[in-house]
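Join the two chains into one complex using the hints; note that each chain is given alone, in its own frame.
From first to last, the protein sequence lines are chains A and U.
Residue numbering for the first sequence follows numbering that gives the first Met the number 0, beginning at 0 and increasing consecutively.
Residue numbering for the second sequence follows numbering that gives the first Met the number 0, beginning at 0 and increasing consecutively.
It is possible that part of the hints are untrue.
Cβ-Cβ distance ranges computed for the label pairs, FRET-style [claimed, not checked]: (1) D197(A) to A217(U): 18 to 26 Å; (2) D197(A) to L76(U): 39 to 47 Å; (3) L156(A) to L55(U): 16 to 24 Å; (4) N260(A) to F159(U): 40 to 48 Å; (5) Y273(U) to A153(A): 49 to 57 Å; (6) G40(U) to Q208(A): 22 to 30 Å; (7) Q172(A) to W124(U): 30 to 38 Å; (8) Y200(U) to D284(A): 57 to 65 Å; (9) T27(A) to E194(U): 54 to 62 Å.
From the structure, some residues in chain U lie toward chain A, with a derived Cβ separation under 8 Å [unchecked claim]: (10) L23; (11) D26; (12) P27; (13) K30; (14) F38; (15) T39; (16) A49; (17) G112; (18) L116; (19) V129; (20) L136; (21) G150; (22) F219; (23) L287; (24) I289.
None of these hints come from the bench; they were simulated from the model.
Glycine is no exception: its CB is placed at the ideal position from the N, C-alpha and C atoms.
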Amino acid sequence: MTTDFRPSGDADAFTLRRRPPAEKLVDTGFRQLTLALASLVAVVLLGIFLVVFDGAREAIGQFGLRFLTTSAWDPVNEEYGAFTAIYGTLVTAILSLVIAVPLGLGTAILITEDMLPRALRDGVGLMVELLAAIPSVVLGLWAIFVMEPAIRPALQLIHTLLGWSPLFDTVPQGPGMAPAILILVVMVLPIITAISRDALNQVPIELRQGAYGVGTTRWGAIFSVILPAAISAITGGVMLALGRAMGETMAVTMIIGNAMNFSPSLLAPGNTIASMLANQFGEADGIQVSALMYAALILMLLTFAVNVMAQWVVRRLSLRY
Amino acid sequence: MTPSNPRQSLQGASFNDLFERRPLTFDPSLKRNRLNRLFTGIAGLFGAIAVLPLFLVLIYVLVKGGQLLSFSLFTQLPPPPGLDGGGIGNAVLGTIVVTLVASAIAIPIGVGGGVYLNEYSQRGWFAQFVSFGNDVLAGVPSIISGVFVYGIVVATRIFFNQSYSAVAGGIALAVLMLPTVIKTTDEGLKLVPQELRWGAYGVGASKFVTITRITLPAAFTPIATGIVLAIARAAGETAPLIFTALFSPFWPEGLFNPIATMSVLIFNFAIMPYEAQNALAWAASFVLVIMILAANLLARWISKMARKA
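So that you can see chain U by itself, here it is in the shape it has in the complex (with noise of 0.2 Å):
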């Protein structure tokens, strides 16, 4: 059998000797089968174990968490340590305020720099240039966010002379949020069927009103949905906020000092060696998850419903 000619070697050999006859029935016995099943059972093994965690962690929170849930949780402030009761209402208050601050920030500049990168900027070095730099900024780690507004807000105290304060975790939180806006805001604009933004130029629009009252609103579900995610990975995150936000055992005092938020209370908590600190910990994680969950399915149903529309 010479390679450089392998039909002339074929010429003499009869079908029969060049492929074994085997019965066309599926023979589960076969090594090949029975590789398959294996496989196949190996990843499902791996999804049951991929998706334990999520059940187990669900539960506890739910049960744990479920089990202080009272009215009170809402109107209460944390026990000192060493006391029991309580709630933690002014962690659910703070975390709405630092949320509301980030998106406040984060939602108008990152769906402006999305608009520029798909709308105006026609993909030259610089946007690229931000497109990468978004890359970037959305790799780096939380924490580091929170260093750098230490950096530049608390440590400086540019803000009516105070150093801790609401408006720092806000800021920290908006840094983390901005690519993910962009993103969106950039992939939800390359969806738009390029004939609306024709068909507004030939009415005689200007290129402001094309993209506020045609484009963007054509491009409004997947913005939306990118945004309602941001948002709830915004409100859960803790790194960023330990050393802005700081913490208080208070109601909110004002943007401009130190605030609760329940991402850092169950930090807080969980560590101390009090049981009434470490319930309350389980109840805020029952919020907080409850809040999440709930912002999540709402993105995928807005999303959900767009689509059949």
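Excised from the complex, chain A in its bound form (with noise of 0.2 Å):
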């Protein structure tokens, strides 16, 4: 019956076909095709995770969890902490968004509030996208030629001032971590403004139109409707950002001056996970590229955490209005 569709008399004019089994063949090949390409991305993850622990099994059985509280980083007598770095990863990346986070959401409500004209706001939108651009490897470049020999005199003024606190107890010379914290703000600065405008800009009309049409100011507004309502997605990109912080590596390899002896001093060289990894890894070989992997395991699993945390927050966090 199915072939009675036929029009009588006009035989050309519609004809059922049926589907080549060569068809069907593409067809479900292509299907299992992106499957297997889509199941990539988790044998990638996967073999990441793998590759990285099955490297650092070794460090992990001889160092234990007193790799994470030493700073001993000894090739000669094959002795590895890797605190130094680790500190130095925690605290030039959450300084530097304590630095960026005010001054990225700063930009984003003067790009979204309607406080300029529309081509000056779209251009300085531009421009910070822009920024986001630049490779790390040239922020780097010039951290070390321009950033770093203009800050110095202000960081040797913060050393004469607050010279009795450990945090700047160390005269500055060239690369340490505050030049490093400082070219971390340059580097998250565009993906919190990214993400806090794109946040800003969903706020619905209506809660602008309702908080002015009770008599607040611009500010008013601002501060107590529109943060209040993008503040989950604000956070999320927040602590995006500082996945992207810890794990940022050529500026700061070139800036932060690597030095293996731990100093709690901010104007000292320091190191972090990632900077360490650049400049040993190439060279390292034996018990050494295992503490090295090690070290790579706890950045890895460092910014799974802060990642998984910035969706649990954009979840959790969301207001329903």
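And the structure:
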């Protein structure tokens, strides 16, 4: 009965075509192909974890959790501890965010809340996005030859004023944690600005109109209505930026000084896990490779935890309006 | 005033008791208006500070790098340490080669994966798992991707018993590009109206034909934009290359030998104590930044043109 769709008299006008086996094969084949390609994401992710974990096993067995709290890095005696690098990673990432969050959020408010003429607003937005496109290694080059010499007098001043504190008790002499923090600010600023801008743009217009309708000022509306409505996405963006700052490698490697001995001072040369990997991985052998893999594993787990927390925060904090 | 019945307490009071009479004209000296101006000023200042680094970096890169711009910069090899002159020809070529290898790996996988997520998966547990994994992969630090490829390609010498190679560098960059390509493909396909697919099925097209002839072309613009941005980002990456593609002072010697790239050249030459090398690092920055900004503006232009059409 399926063939009876054919109108009488005109056989060519309408025919029901059965799908040839080749076409079906192509169809299912394509489906399986895309499935396999999608699965590759999981395979790569798992592969990364396994390669790093497998490489780190020897060091995990030898150093255990002591690795996290000691700061010896002694290839001669084969004694390794990553505390210096972990301290550097966390301190540079967190302090850079402390500076970058107000700047990025302020910029995002400036370009979403109708304070500037449209052309200028778009211009600022474009600039910040282009800043994100500049390669890390170019920022590092700029930091070495331009930024660090320029800010050294300011760091000297901080040292003379606050030198009593262990955070500033070393004389700034070129590369160090403070310039690394500043270059990280430059690198995470575009992320925070872009995500905050999108979050603010998504706040329903009715909330703004309601706030202005009851007679509040612009900043009254921003602080008590718009920011609370966008806070979940902004927090998520800040967490993503934290993950990025912890994993950022090149610019930091070029300006942090790569010192393996621990100093709490922000003006002293330091190290991060990523910069340690960039510097030593190529030339290491034996247990040092394993120790570096162990550090890489810690970095992976840190960024993983931060990224998962970012997704959780976005889901948990989102207001229902 | 009992809060339990505010209406009653309102009845006794007149309008004047409840509200202070104020003129309705704008009074700039009010505290709220002064605070308003203060915060607007702060936001403006923060915006200016945020834009400042871009200006400074661009000015220095364009001036310091632009000075060295010449024909020989692209045709000569970098000089040995201590000597002057030379160029970055091998690094320019190497960056193109490594980025092409990365694109050849990441684009088919990424577009295929994105097609699966949006066209086939119905957002079941596996698709959610892949999406989640994709987000995690996007957050993996770039240096870890280098460690990974070092572990599976360089240390194992699986390609013709070669250790460091252009292909290894390309794979490391592909790992970084993949999440972006999948995400933009998935998001781009989401924007294709469902009616287009129904229309294609209605005239008897198979799912394969629908996707390759209707859905993917309809989503071409967002996907192309995302891919251009991913390539631009990969071209500037350094961390995954320093122990996969390594560096080479010579012209590229095929895909399975160490290869010079501009980003690694900048890193190596910036920390050398020789002026000629430092200058070449600035020149390479100039070329790299111009290439990347051009790609970004191109991507922007593609999506703007498409929105107008």
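So which of those numbered hints doesn't the model satisfy?
5, 7, 9, 10, 11, 12, 13, 22, 24
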